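Fit chain B to the known structure of chain A by using the hints.
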Amino acid sequence: MNRILFITSNSEISKKFSEIFSSKSLFDYTTSSDKTMILDMVNVFPPDIIITDAISKDVDYKEILRKIKIINDNIIIILYSKDEIQRELAKYANAIITPSMSDSLINSIIQMNLKTKNSLEKLSNTNRDLAESLYRLNTLYNTSSQFAGTLDKEKLLNYMIEGMDKALSFSLTILLSFCSENEPVLILNSLYEISDELMSAIKLRTILNYKSLFDGKELPYELDEKNLKIVKLVKHPANRFTFNLFQFDNMFTPINLGDDFFGCVEIFKDVSFSTEDATCFQTIARQVTLPLKSAILYQELIETNKKLEKLERMKSEFISIVSHELRTPLTSIKNSLDILSGGRCGEITENAAKFFDMAKRNVQGLSRIINDLLDLSKIEAGKMTFNFKTTNIKPVIEYVKSSLSGVAKSANLNLVVNIDENLPDITADSQRLEQVLTNLVSNAIKFTPSGKNIYINAALTNSENIKQNEVFAEDISKLSGDYILVSVKDEGIGIDSKDLLRAFDKFAQIENSLSRKVGGTGLGLPIAKQLLEAHKGTIWCESELDKGSTFYFAVPIIKTPEFAAL
Amino acid sequence: MKKILIVDDEQDIVESLKFVLESADYCCYCAYNGEDGLKAAKELVPDLIILDVMMPKINGYKISRLLKYDNKYKNIPILMITARSQAEDKLIGEETGADEYITKPFDLEEVVKIVDKYLK
Numbered sequence: 000m001n002r003i004l005f006i007t008s009n010s011e012i013s014k015k016f017s018e019i020f021s022s023k024s025l026f027d028y029t030t031s032s033d034k035t036m037i038l039d040m041v042n043v044f045p046p047d048i049i050i051t052d053a054i055s056k057d058v059d060y061k062e063i064l065r066k067i068k069i070i071n072d073n074i075i076i077i078l079y080s081k082d083e084i085q086r087e088l089a090k091y092a093n094a095i096i097t098p099s100m101s102d103s104l105i106n107s108i109i110q111m112n113l114k115t116k117n118s119l120e121k122l123s124n125t126n127r128d129l130a131e132s133l134y135r136l137n138t139l140y141n142t143s144s145q146f147a148g149t150l151d152k153e154k155l156l157n158y159m160i161e162g163m164d165k166a167l168s169f170s171l172t173i174l175l176s177f178c179s180e181n182e183p184v185l186i187l188n189s190l191y192e193i194s195d196e197l198m199s200a201i202k203l204r205t206i207l208n209y210k211s212l213f214d215g216k217e218l219p220y221e222l223d224e225k226n227l228k229i230v231k232l233v234k235h236p237a238n239r240f241t242f243n244l245f246q247f248d249n250m251f252t253p254i255n256l257g258d259d260f261f262g263c264v265e266i267f268k269d270v271s272f273s274t275e276d277a278t279c280f281q282t283i284a285r286q287v288t289l290p291l292k293s294a295i296l297y298q299e300l301i302e303t304n305k306k307l308e309k310l311e312r313m314k315s316e317f318i319s320i321v322s323h324e325l326r327t328p329l330t331s332i333k334n335s336l337d338i339l340s341g342g343r344c345g346e347i348t349e350n351a352a353k354f355f356d357m358a359k360r361n362v363q364g365l366s367r368i369i370n371d372l373l374d375l376s377k378i379e380a381g382k383m384t385f386n387f388k389t390t391n392i393k394p395v396i397e398y399v400k401s402s403l404s405g406v407a408k409s410a411n412l413n414l415v416v417n418i419d420e421n422l423p424d425i426t427a428d429s430q431r432l433e434q435v436l437t438n439l440v441s442n443a444i445k446f447t448p449s450g451k452n453i454y455i456n457a458a459l460t461n462s463e464n465i466k467q468n469e470v471f472a473e474d475i476s477k478l479s480g481d482y483i484l485v486s487v488k489d490e491g492i493g494i495d496s497k498d499l500l501r502a503f504d505k506f507a508q509i510e511n512s513l514s515r516k517v518g519g520t521g522l523g524l525p526i527a528k529q530l531l532e533a534h535k536g537t538i539w540c541e542s543e544l545d546k547g548s549t550f551y552f553a554v555p556i557i558k559t560p561e562f563a564a565l
Numbered sequence: 000m001k002k003i004l005i006v007d008d009e010q011d012i013v014e015s016l017k018f019v020l021e022s023a024d025y026c027c028y029c030a031y032n033g034e035d036g037l038k039a040a041k042e043l044v045p046d047l048i049i050l051d052v053m054m055p056k057i058n059g060y061k062i063s064r065l066l067k068y069d070n071k072y073k074n075i076p077i078l079m080i081t082a083r084s085q086a087e088d089k090l091i092g093e094e095t096g097a098d099e100y101i102t103k104p105f106d107l108e109e110v111v112k113i114v115d116k117y118l119k
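Chains as they are written, first to last, in numbering that gives the first Met the number 0: chain A, 0 to 565; chain B, 0 to 119.
The shape of chain A in the complex, shown without the other chains (with noise of 0.2 angstroms):
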């Protein structure tokens, strides 16, 4: 029903507009001409027209008619004159009626402004609506943002807070959450002072609520009130809520990401919520629980590389501990295998020889068990020192055959070299070099039976022409530019594709060695392969069962300063 306040001092005018409205039944209408009252009435009951003849001594029309479009600029403003409107009352009026008209025409120019009054508040409606939104929108974005910005529990459920209290302003928030350490703690946000007999029915609120969330099923973490902190924020401490809660309107969510549950979050405040106050609400706590649960997954990892550090470190000690623990007596044992075998305590018979022999024989691989074991945590701590240099591979090979040829010599085996005139130099430590090389053609002696060849050459190539290995093809796509390639081939036993990486995995080679079960190459390969990423080469092997391997390892030709410089 749309509300009309007719303004007049003359009877029969109003008596007239009475007779019009009253037919229609549409209208409510009053008749006043005080000055006072008609603002009270606009003020406290707005009518959506406002019809007058502005003829009255007593009053000054431009003045009330102009403070009526200052307390509300949509109510229409009719007048109704037969001689000719002032200039400064007309400019406030929204249509000019005169007696001549005739009372359909009247009508309808009253239901024509009606009308385009409505439409306008229904579009000043929607703006302000819309206005809402954009700044809930903006409110949730900065949230979110705030959110993204943070691997912190505490400050993300401070945002959290902040943003509801941008969004909805409460009174009253009371968060429980179990973020830190999981340990329960009661966060209030409030506007004014919270008295005790309020903080125990918070308490005692709290529990049941979270209590009811899992509705008889375990809990995710124990809660009584002795074990809850709290934590309390008021913004007003000058005043003091004296009022029940249930006076309040509420909402109350879980923050939870699935199964993971943060904690809970109720919000109170002195008038109704609206839908979109719910949605939002429901927004802000579920965007928050990804952040959370970041943070929690980060603080874990913090948390574990701590302890792996630590663990580590612990292992490097106990590595060195050992070799040296293990270093010393084995030393004595040698120093007495030594000094008994060389005779200088008696005659020593031929067996007796031989089980010197034994003895000596293993305490020599226990010695290079020992100095692998030092040599990988070395490098694995990154305290193996390197002495790179500008050198050549040719004398590198050709110390290793001459070191090994005795050993292979007795194995009944030959030791082929051949090395490409002129190769390039390269930037390494020749004893590393050596150190491998070594172990390569010394694996090559122990599994290839007697009476054959071992194959050792260098060539240059181009990692172009590296021939492809399913099995390290990771290792050699790595490989770009010039390389000096060296290979050692034999003709022994072997290797099953299945076990050719785990030939390099020091894990596997530790497993190995400790039981026995294949004749393990030991620690040799795997070192070797950490040298060699050490120069930014790479090893690799093919090998067929029983038909024999050939290991090989690619060093790169870059000089001295441009390697120091990778």
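Just so you know, the hints here were simulated from the structure itself, not pulled from any lab data. Remember, predicted model here, so these are calculated numbers, not experimental data. Watch out, some of these pointers could steer you wrong.
[Stated by the list, open to error] Below, simulated DMTMM-like cross-link-like pairs (lysine to aspartate or glutamate); rule was C-alpha separation at most 20 angstroms, straight line:
hint, chain 1, residue 1, chain 2, residue 2
1, B, Lys119, B, Asp98
2, A, Lys359, B, Asp106
3, B, Lys71, B, Asp98
4, A, Lys359, B, Asp11
5, B, Lys56, A, Glu324
6, A, Lys377, A, Glu316
7, A, Lys359, B, Glu109
[To be verified] Here are some chain B residues pointing at chain A (derived, C-beta under 7 angstroms):
hint, residue
8, Glu9
9, Gln10
10, Asp11
11, Ile12
12, Phe18
13, Ala82
14, Ile101
15, Lys103
16, Pro104
[What the hints assert, rightly or not] Quick list of simulated restraints, FRET-style, between CB atoms:
hint, chain 1, residue 1, chain 2, residue 2, range
17, A, Leu307, B, Glu109, 48 to 54 angstroms
18, B, Lys71, A, Asn361, 42 to 48 angstroms
19, B, Lys116, A, Glu324, 28 to 34 angstroms
C-beta atoms are modelled at their ideal positions from N, C-alpha and C, and glycine is treated no differently.
Same frame as chain A, but now just chain B:
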């Protein structure tokens, strides 16, 4: 007869070194910790010292440094025995002044050869 001082907290190792060096006609004196070793070195002024690195109280590097900075003893050759442990690696960076390094487990004949090189 040339005097050799052997300083090591491992009695077994001292024993075996003493045995082979005495068979090679050297006169051996032994100390079983760094403190005694340093004292013996100053009293005896031996012709050569064999020093273990890791020892309680005063380690081999410290003894070597103290002797090498003293004009009275700086010409005594020092053979350092190391076990290549990481704790030792940390010490290696220090200036020790040792003349030779032997790594455990070492070859006794090798030690005799080195000693011969300095004393014969």
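Pair hint outcome, lysine 377/A versus glutamate 316/A [Cα-Cα no greater than 20 angstroms]: holds, 11 angstroms
Restraint check for lysine 359/A with glutamate 109/B, where alpha carbons must lie at most 20 angstroms apart: Holds - the C-alpha atoms of glutamate 109/B and lysine 359/A are around 16 angstroms apart, at most 20 angstroms.
Beta-carbon spacing of lysine 71/B to asparagine 361/A - inside the hinted bounds 42 to 48 angstroms or not: About 46 angstroms separates the Cβ atoms of lysine 71/B and asparagine 361/A, which means 42 to 48 angstroms holds.
Status of the hint placing aspartate 11/B at chain A (closest C-beta pair under 7 angstroms): holds, 4 angstroms
Restraint outcome when phenylalanine 18/B is required to lie within 7 angstroms of chain A by C-beta distance: The hint holds - phenylalanine 18/B has a Cβ within 7 angstroms of chain A, the shortest such distance being about 6 angstroms.
20 angstroms limit on alpha-carbon distance, applied to hinted pair lysine 119/B and aspartate 98/B: Cα-Cα ~16 angstroms, so holds.
Minimum beta-carbon distance criterion (7 angstroms), glutamine 10/B to chain A: violated, 9 angstroms
Closest C-beta approach of proline 104/B to chain A relative to 7 angstroms, hint status: holds, 4 angstroms
Restraint status (C-alpha distance of lysine 359/A to aspartate 11/B at most 20 angstroms): Satisfied, since the Cα-Cα distance of roughly 17 angstroms is no more than 20 angstroms.
Straight-line alpha-carbon gap lysine 359/A to aspartate 106/B, limit 20 angstroms: Distance of about 11 angstroms is within 20 angstroms: holds.
Proposed interface contact between isoleucine 12/B and chain A, which counts if any beta carbon pair is under 7 angstroms: With Cβ-Cβ at 6 angstroms, under 7 angstroms, it holds.
Interface restraint verdict for lysine 103/B against chain A (beta-carbon cut-off 7 angstroms): OK, holds: lysine 103/B within 7 angstroms of chain A, min 4 angstroms.
Taken one by one, the earlier hints fail for this structure at numbers 9, 14 and 17, listed in ascending order.
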